[in-house]
Amino acid sequence: MANNNDKPAIVIAGMHKWYGDFHVLRDINIEVKKGEIIVVCGPSGSGKSTMIRCINRLEEHQQGQIIVDGIELTNDIKKIDEVRREVGMCFQHFNLFPHLTILENCTLAPIWVRGIPKKEAEATAMHFLEKVKIPDQALKYPGQLSGGQQQRVAIARSLCMKPRTILFDEPTSALDPEMIKEVLDVMIELAEEGMTMICVTHEMGFARKVADRVIFMDAGQIVEENTPAEFFDNPKNERTQLFLSQILH
Amino acid sequence: MSLETKKYPVGMHPALPPPSGSVGPVRWMRDNLFSSTSNTVLTLLGLYLIYIIVPPFIQWAFIDSVVFGAESRKECLAIMGEDRGACWSFVYRRWGQFVYGFYPVEERWRVNVAFLLTAFTIAVVLIERLRAIKPVLIAGVLLPVVSFFLITGSSIFGLADVPTNKMGGILLTLIVGLTGIFVSLPISIMLALSRISKLPIFSIFATIFIEFIRGVPLITLLFIASTLLSYFLPAGSNFDLLLRVLIMVTIFSAAYIAEVIRGGLAAIPTGQYEAADALGLSYWQSMRLIILPQALKISIPGIVGSFIGLFKDTTLVVIIGLLDPLGIGMAAISTTAWAGLSTELYVFIGLFFFIFCFGMSRYSLHLEKKLHTGHNN
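For the protein sequence lines, the chains are R and Y, in the order given. Residue 81 in the numbering used here sits at position 81 of the first sequence; the count goes up by one each step and never skips. Residue 86 in the numbering used here sits at position 86 of the second sequence; the count goes up by one each step and never skips.
To be clear, the hints were calculated from the coordinates, so they are not data collected in a lab. Positions of the beta carbon are idealized from the N, C-alpha and C atoms, including for glycine. A hint or two may mislead.
Below, a sample of chain Y positions facing chain R; criterion: calculated Cβ distance under 10 Å [unchecked claim]:
| no. | residue |
| --- | --- |
| 1 | S20 |
| 2 | F115 |
| 3 | G271 |
| 4 | G280 |
| 5 | L281 |
| 6 | Q285 |
Construct the entire structure; sequences and hints are all you get.
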């Protein structure tokens, strides 16, 4: 068991990706330990979203390796599904299923993918909806909730699959300012409980508070990788300095 | 009226009623019927049209009409005298043919049972609170099988065989229409999914099939069914004409509905596919649980539109010698007893189709409302 715990959660080695002729990701190398919180930032178009979407194969990489929990991502659909079961994801636009209630959104995958009985899946769902502080909305539809509430449901939906890792793809970018905090609070709580998290976000306060490492990307490459304290107070790269001066005012 | 001048703290302002004259029927008429000179003219013109059309029609269809008592058009005219109303006796006397075609009179109870079962099933589906899928599915499988044996006959249950060329009238319309509707829906879903599939075998096959069928008039397909197919089939094989028609009508409607559903599928945001994938759902699970329920919901108006078109197109079977209500009626008005009648026939047929098509249309609106969950993506 101890040996198993030392195994990294995610390894990305020499990974390249092209959209047609366009070389979007160039030589990405990242190793994420279990329980680590990684924040990925960078200007728009730098490839950060594409990078984390490769980790659960929403995007396909053409060269290099991505190994998630010891499973290498290839064209093998079985392995892709295996990885997706263990890796949760929260999207910028939440992507809740609008025709299902909040509770059904949360129980769908546990019931159909994990084969958990409906009663048990509902109990788990209610547990996680309580954790994100919206159990009273369980029977409503996503369209009846605010953006912040929808994103918290999306987090609960991921948690219901009991994933080992959760990927966050700009989870607060589509939210009104006063709703950002309620989502970040949930994410901070998850981080403190030891969930492995990779977050593409521009919430620098969040990065400073909980991140173990900050990765800065530009033009499809990793430019700098450091602890938050070093990254913010003592950026090495010129490009990083410019970016930080622009977003931190 | 004095303006409210008292200041309220934020959140304490009471909800006041709207100013008088901004709601109510008089206000509604002023806003909607007489809002401008041109609108007033149109309103009056509309009222005048209603006045010159509706009362005379009521006079003709109900007040001056003859339903019972007449055996021929002459008797109708004799009863009516000066006031020329509708001669509904024609429909009354031929009612059996209109409903059952040439189905043997002593076996008609079997058709009635099938009609009742269908009506019952539809009623069950329509009942709001019955959200359980199982009974609906069981009824959906059982009804066609039971109806098939009831109508065509089966030696196992001691029912005499009735050849399909005896079936006509409303019975025929319902057989062709309902079979077309219920069989084409699943086929069209598969066609739509094939057409957007990443695998070329599926998408090419579906595209060719859909474009070919849509590029050909239904009449042509019916002619192929009635004449050409016998050249391709082995000599002496007896492939029922009604069955051939059913196949043609079904694939015709499936090709159209497939395109409607493809439109619905294209309207689903990629985020939905991605969320389903990210949760680990398989292709079929994500289609069945996430994508299709939403795509079909968006497609309801188009699908029902196609169904209505299909239901009305069933009258085309007249061309290849099957007698639907229109065919029965046309045959009837060429007999000596009823020669000269035509308005009554077309009003009656029109009413029959209107009732069914309007019913479908209302049900589609109702479904749309019922499935609306406050989310518009």
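How the hints compare with the structure:
no.: 1; hint: S20; in the structure: violated (34 Å)
no.: 2; hint: F115; in the structure: violated (34 Å)
no.: 3; hint: G271; in the structure: holds (4 Å)
no.: 4; hint: G280; in the structure: holds (4 Å)
no.: 5; hint: L281; in the structure: holds (6 Å)
no.: 6; hint: Q285; in the structure: holds (5 Å)
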